[in-house]
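> Sequence order for the protein chains is A and B. To convert, take the position in the first sequence, counting from 1, and add 113; that gives the working numbering. To convert, take the position in the second sequence, counting from 1, and add 1; that gives the working numbering.
These aren't lab readings, by the way, just hints derived from the structure by calculation. A few of these clues could be false.
[Claimed, not checked] No more than 27 Å apart at the CA atoms, straight line, and that leaves these computed lysine-lysine pairs for DSS-like:
| # | chain 1 | residue 1 | chain 2 | residue 2 |
| --- | --- | --- | --- | --- |
| 1 | B | Lys64 | A | Lys119 |
| 2 | B | Lys99 | A | Lys238 |
| 3 | B | Lys56 | B | Lys3 |
| 4 | B | Lys277 | B | Lys290 |
| 5 | A | Lys119 | B | Lys3 |
| 6 | A | Lys234 | B | Lys99 |
| 7 | B | Lys64 | A | Lys234 |
| 8 | B | Lys144 | B | Lys174 |
| 9 | A | Lys234 | B | Lys29 |
| 10 | B | Lys29 | B | Lys144 |
| 11 | A | Lys129 | B | Lys56 |
| 12 | B | Lys277 | B | Lys174 |
| 13 | A | Lys119 | B | Lys174 |
| 14 | B | Lys99 | B | Lys281 |
[Claimed, not checked] Chain A is nowhere near these chain B residues, computed Cβ spacing over 12 Å in every case:
| # | residue |
| --- | --- |
| 15 | Thr20 |
| 16 | Asn79 |
| 17 | Glu222 |
| 18 | Ser229 |
| 19 | Lys246 |
| 20 | Val248 |
| 21 | Leu255 |
| 22 | Leu261 |
Since we're looking at a predicted model, the values are computed, not measured. Every residue, glycine too, gets a C-beta built ideally from N, C-alpha and C.
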Amino acid sequence: MSDIEKVSLWAIVNGKVHEDLIDPRLLLSDYLRNHLGLTGTHVGCEHGVCGACTILVDGASTRSCLMLAIQANGLEINTVESLGSPEHLNPLQKAFNEHHGLQCGFCTPGMLMTATEMLQKYPLKTDEEIRGLLSGNLCRCTGYQGIVDAVRECARMRDSGAITIKDISPRAEDSL
Amino acid sequence: MKPVPFNYLCAYSLEEALTHLRNSDDAKLIAGGQSLMPMLNFRVVQPSLLVDIGKLVELDFIKEDAGDIVIGALTRHNTVAQSDLVIDHLPIMHEALKHVAHLAVRNRGTIGGSLSHADPAAEYPMLSLLLEAIIICESVDGKREISANEFFIGSLSTVIADDEILTQIRFPKINANTGWAFEEFAQRDGDFALAAVGILVDKDSEGCITNLRVGMMGVGETALRLTSIEEDLNGQTYSDQLLDKAVANLSSLLLPNTDLHASEEYRLHLAGQLFKRTFKNAWNMASTKK
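Chain A with its partners taken away, still in its complex shape:
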């Protein structure tokens, strides 16, 4: 270990600048949870299969267990903490709540972050499209129907103008 040089990381996480000296091998998921205390990002399989650790990197959904923290140098990270707060759920979180899109909640942060990118970038006109885009996130409780219902409802609200992209997009920590 002694000949390993630490590397300096500068990243914007949930709207706030973080600078750290870290081990190169540190996974982004572990950095978020253990260094920044952002335990909303859940760690499941740690090899890119379950999707629980999905976050947004420069707006694109990414598995944080398949990225080194240092690879996020200079980039913008958003975790589930940047969606809503327990007192003020965002419309996507509310829809998950209303449609029983979760039971144990383990997969939920990853589902929400994947769905956030989906709602920002994709038409989501059919359930087939919604299911295809969600297929990288595993849920062992719900049977997925409630999750699909929640995403579909948000897509309809987005299309009808009942909610805006801003309403379902990450916010800076201070504005929550």
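Knowing the structure of chain A, use the given hints to seat chain B on it.
Quick look at chain B alone, frame taken from chain A:
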């Protein structure tokens, strides 16, 4: 899970990355990391140095050049999937990319990474064989062009030298009259294929099969081009019996393995069924275009 300790260097130019590789004994390259990171996490790979080429934007491009479509090694799966050049000139690649992993992996994974990783059940290696791509690798000494059929030497194994970087891939365009089809079967949407088949075929003026190309994946040590089937069927008149005869030969050409996902027999059967379905679809398209 934690990878073994390693040093890390981020390259901001191709020259810089190539120099790091030349000066190290066991450096590994990382770009999108979607194949390497699981191997690091499981400690299957234990490099002393990781060279990050993820910021080399010069390798992130799709362009038309001398009648070919050239794709930079750092181009992400999602970018290729949405490219109009690919839709227009390599439609079978556009179709096959629908089966590549999941949204988050497609956002990060790169074409160069997939080819270098050389998983026998991944789409890009098979597409490079089927489309007769030229793979370009560079070292501090210069460039070399490798044809796809000489590139893969085994499961997860290629001819890339330790000090080389795969920088771009040249794909000849598919002829507008060519029929094509791609069929894949995986247990879940986006999982690795149990088997997949890609076919390009033309119909000649006599109505016979010509210029046939057959690629398969998930059923051998590497992705495969089935040249003996191509030779057998070229010049023949299409019939169901002809396809059945070709399928009967598959057992001597494929090397499917048994694992917890499927048995050898199942994979062989699947490859045969997918072959027939894919061939029919490609042939129908060639007939319509004729």
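> Checking against the hints above, which ones are violated?
1, 9, 13, 16
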